[in-house]
Amino acid sequence: MTASQLLEDSHQSLDVRPDLTDAMSAAWEGLGRPGAGFNGKQRLAIARATRAALADDDPLPPWVRPSTVDGRASDPDLAPHLADAVYRLTLHAKTLTEEWYTDVLSMAELTPQQWIEAIEVVVTIVSIDGFAAAAGLPQAALPSAEAGEATGSANNVPAKPAKHHWTPVVHLEDDVDGQYGGAPMVPPVVRALSAVPSSRESHRRLISAMYMDGPDMADMDWSRGTLDRRQIELVAGRLSSLRECFY
Amino acid sequence: MIDTAATVAAFEMMTRIADGTGTTHPSARLDDFEVVRTELGLDQFESARVGPGTAND
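Residue numbers (our numbering), protein chains in the order written: chain A, 317 to 563; chain B, 221 to 277.
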């Protein structure tokens, strides 16, 4: 039985919406597949590091890098500087600065696209594990790594430096692949992972199932399931406040 | 409970995407909700960033 089948089975006990289970299952299987800038083993190493950070019952402060503390960053499939960055993003995201981002790219020898893909893996773990924790479900086992090298699929994406992000994004006028669906305006956070289409698509599918689709955001009377729009935004605002996320 | 858990999961994700990529609001949008920002103390958040201009990347 695959890891995603185990995840699907756990959802049946609570009658989880099928589209929600499908989105999570697809993202979960994707963790072990070669991505645009990392192979499957490397993506799973980022996933393990994220889980280890979440499970840390004596978290390090933001200014201490786990790789400088014995036994904190010893995964052979994960470079120490990337392990440090994953830990900081997982536990101390509100403290990140553009200077920190620039230093991470330099020290970990990452491309901006690889950092975007690392974010995709981290948020897949924190969201799906977060859902399980909030719903009282068991944590799913990680999938196995699939063979193959990184695909390089982001190499020809027309991403450019951005005005509203540290990372490059696909600008609206360059959206030849139609990932923005021809919308005249797209919120900056929706464009944040656009330089790596596979990461953007994984995020789009998850957020559509967990929260709502972009076109629905303008409708303040939109609802799905047991919560109306105002209740959804109350939960979203409270979580964002606890994380001190200004955006 | 499931729908609440899904919303929590979504914003565990969104907050880290915004903070990990340095995503900002355009300054014109920030001006639109200046009163709310002030009343809720959002400008005191460690991650508070002001976007440059109104351009849509």
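Simulated from the structure, these hints should not be mistaken for lab results. Incorrect hints may have been included.
Counterexamples of contact, computed for chain B against chain A with all Cβ distances above 10 Å [what the hints assert, rightly or not]:
| no. | residue |
| --- | --- |
| 1 | 223 |
| 2 | 239 |
| 3 | 251 |
| 4 | 255 |
| 5 | 258 |
| 6 | 266 |
Here are the in silico distance ranges between beta carbons for each label pair [claimed, not checked]:
| no. | chain 1 | residue 1 | chain 2 | residue 2 | range |
| --- | --- | --- | --- | --- | --- |
| 7 | A | 492 | B | 263 | 36 to 42 Å |
| 8 | B | 255 | A | 538 | 38 to 44 Å |
| 9 | B | 249 | A | 469 | 19 to 25 Å |
| 10 | B | 249 | A | 411 | 20 to 26 Å |
| 11 | B | 259 | A | 533 | 34 to 40 Å |
| 12 | B | 249 | A | 492 | 23 to 29 Å |
| 13 | A | 367 | B | 263 | 29 to 35 Å |
| 14 | A | 532 | B | 259 | 23 to 29 Å |
| 15 | A | 331 | B | 254 | 19 to 25 Å |
| 16 | A | 537 | B | 260 | 31 to 37 Å |
| 17 | A | 539 | B | 249 | 23 to 29 Å |
| 18 | B | 259 | A | 375 | 27 to 33 Å |
Yeah, the Cβ is synthetic: ideal placement off N, Cα and C, and Gly gets one too.
Against the structure, the hints come out as follows:
1. 223: 4 Å, violated
2. 239: 4 Å, violated
3. 251: 15 Å, holds
4. 255: 16 Å, holds
5. 258: 13 Å, holds
6. 266: For residue 266 (chain B), whose nearest Cβ neighbour in chain A is about 5 Å away, the distance does not exceed 10 Å, so it is violated.
7. A:492 - B:263: 36 to 42 Å: Distance hint for residue 492 (chain A), residue 263 (chain B) holds at roughly 38 Å.
8. B:255 - A:538: 38 to 44 Å: Cβ of residue 255 (chain B) to Cβ of residue 538 (chain A): about 25 Å, so the range 38 to 44 Å is violated.
9. B:249 - A:469: 19 to 25 Å: Distance hint for residue 249 (chain B), residue 469 (chain A) is violated at roughly 32 Å.
10. B:249 - A:411: 20 to 26 Å: With Cβ atoms ~24 Å apart, the hint holds.
11. B:259 - A:533: 34 to 40 Å: 23 Å, violated
12. B:249 - A:492: 23 to 29 Å: 27 Å, holds
13. A:367 - B:263: 29 to 35 Å: The hinted range 29 to 35 Å holds for residue 367 (chain A) and residue 263 (chain B), with Cβ atoms some 33 Å apart.
14. A:532 - B:259: 23 to 29 Å: 27 Å, holds
15. A:331 - B:254: 19 to 25 Å: 43 Å, violated
16. A:537 - B:260: 31 to 37 Å: 23 Å, violated
17. A:539 - B:249: 23 to 29 Å: Hint holds: Cβ distance 25 Å, inside 23 to 29 Å.
18. B:259 - A:375: 27 to 33 Å: Cβ of residue 259 (chain B) to Cβ of residue 375 (chain A): about 31 Å, so the range 27 to 33 Å holds.
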